[in-house]
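2 protein chains.
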Amino acid sequence: MNTLAAINHQVRLAARPIGLPKPGDWSRTEEPVREPADGEILVKVLYLSLDPAMRGWMNEGKSYIPPVGLGEVMRAGGVGRVIASRSPHFAEGDYVSALTGVQEYWTGRADDKLAGVARIDPQLAPLPVWLNALGMPGMTGYFGLTEIGRPKAGETVLVSGAAGAVGQTVGQVARHLGCRAIGIAGGRDKCDFVVNELGFDGCIDYKNTSLRDGLKQHCPNGVDVYFDNVGGEILDTVLTRINFKARIVICGAISQYNNTTPVKGPSNYLSLLVNRARMEGMVVFDFAERYQEAVQIIGKWIQEGSFKTREDIVEGLDQFPAALLMLFEGKNFGKLVLRVAAG
Amino acid sequence: MNTLAAINHQVRLAARPIGLPKPGDWSRTEEPVREPADGEILVKVLYLSLDPAMRGWMNEGKSYIPPVGLGEVMRAGGVGRVIASRSPHFAEGDYVSALTGVQEYWTGRADDKLAGVARIDPQLAPLPVWLNALGMPGMTGYFGLTEIGRPKAGETVLVSGAAGAVGQTVGQVARHLGCRAIGIAGGRDKCDFVVNELGFDGCIDYKNTSLRDGLKQHCPNGVDVYFDNVGGEILDTVLTRINFKARIVICGAISQYNNTTPVKGPSNYLSLLVNRARMEGMVVFDFAERYQEAVQIIGKWIQEGSFKTREDIVEGLDQFPAALLMLFEGKNFGKLVLRVAAG
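In order, the protein sequences belong to chains A and B. Take 1 as the starting number for the first sequence in my numbering and just add one per residue. Take 344 as the starting number for the second sequence in my numbering and just add one per residue.
Read the hints as simulated data drawn from the structure, not as lab findings. A couple of the hints might just be wrong.
Covered stretches of chain B (in silico footprint by chain A; criterion: 3 or more residues with CB under 8 Å from a CB of chain A, positions within the stretch not fixed) [as the list claims (entries may be wrong)]: (1) 513-527; (2) 636-643.
Distance ranges between label pairs, derived from CB positions [stated by the list, open to error]: (3) A:E147 to B:T583: 20 to 28 Å; (4) A:E147 to B:E373: 56 to 64 Å; (5) A:E147 to B:K674: 28 to 36 Å.
We put the beta carbon where it would ideally sit given N, CA and C, even for glycine.
Sequences are here, hints too, so could you generate the full structure?
This is how it looks when you write it as structure tokens:
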């Protein structure tokens, strides 16, 4: 391929959003594709991951990762094909996952630590799955549940955002560990999917039923592990139903990310005291050394048919700003992925 | 002693308080002292412990211990002298600690599990200290810090209510473990005491200075363990200064116990995620089997002079309702104790 002839379209952060990101918070740029220098590879981006965490990356201030700078290409995980390589570790035609950013082409060092370039095997699962169960969300669910939640067989594991990328993995891993897996999701369709397709033991439709009643019905023996992706009122209500020595994994708080008022703290946090329970935060990057371990396990389950995934694929780099908003409105059904180019 | 002639004065819970307990929430009763039956002992109560947790015991509803029933003698820990015994385990003249309740005499089984009758040694430390560092608050501070907070030498341990019963112990145990101990207390006198008498490395007067500035000054390397006795705004501010893998011990929330509006949840709880930190509740009763271990260690420090205690002693059973309010106004200086009778 004559990459010099190609143009790289990009989406950059133009302004720090207040509340939900607006169209004017983004700028679109194009520049010639950069040829790889020694040690670098050039990746054609095929799919991009859309994640709630992106909203946090757009804010100024200290967090677990530096914010995206104004004018920078928006950070995003992607999968793509190596189309030129000057690294001994990757060959043209290899498929990789990496923090490519919201653009059509990524050129960078094959050993760039932040980018985290890793070879992926499209034979094991289709490319979008490498942004889902075999990518960051899967790693988040797997290690968050097994290392922070640490459920024992027979315990009840509850997860919010159950039809979403992380939630899918949490519930299915819980089932594989011999736990009772209960989801919380918005809408009948999502709940049906979670139970009928993913094999959860139950799912509470928080949009159409009372969460309190749902918890009584589906978690009659209380909640041993709650994997929280949403925060807000849902976290607060779950706190009233946790068991002695329960563990709450704080993975995210999508309900609060676009707040223009202070985050709603969990009013019932003293339930931690009464129940000698633990609430602990997790960030997937801490487990980077062990991703391969989880990929092997989940990959095997996928091939056996005992682990399902669902992606919600939106077409076209141009759709990035609109697609991101779908996450915060709960409009995606399954892991939200942007298709940038044909494989 | 002819105990049949004696009258037992009592303070009972007459109504469930809304907000701060009012005089009308209590009733005073008297009844003849009951002689011990087989296996029982009769204890003359000398000192009673006044604790923030009492406010929780007055509320209806599920907690870590059943509420005090309406019309029942108010629950309280006490120390006293055995004045009649029909148990082989205790002799007349023994000093004991037990959940005696707010009354002058307690008659009950020597092996009553809830009452937790234990022999104490007035030679090791004066009786009020057995309601402080060698009693529940000391056990709470010792096991909460060592088993839940688990600080390592060189780490910064921060404790609120530092001049109070639990706080005194937490900071001094932290110092003994080689940690930097910083307190939070209300008023210059309390802060001076915490630093000059108890040997903390620093103390922030939250009533007269900005907690945020105080934390920057006294915890320049952040907070590794925060032992929280107060909740509310203080917990929320501390959350902004915790370190990677910090541990927050939720021991109590005195600022919230008399709320008539919902408890203020910690708005900055997502700092747990950013810092992969843990917030965990503790209840001292879980460590009952190990009290002797802590009593030996702290008792030895007291005798060596490397551990100080301070009690604030109020005279007379009649003063119970008024004394309890002192806790919630922060008017006590040191562990608050009610003297019921001369030793």
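Going through the hints against the structure:
1. 513-527: violated (count 0)
2. 636-643: Our answer is that it is violated, as 0 residues pass the Cβ test (under 8 Å) against chain A, missing three.
3. A:E147 to B:T583: 20 to 28 Å: Check passed, 26 Å falls within 20 to 28 Å.
4. A:E147 to B:E373: 56 to 64 Å: The hint (56 to 64 Å, Cβ to Cβ) holds, given that E147 of chain A and E373 of chain B are roughly 59 Å apart.
5. A:E147 to B:K674: 28 to 36 Å: violated (46 Å)
Violated hints, in rising order: 1, 2 and 5; the structure is consistent with all others.
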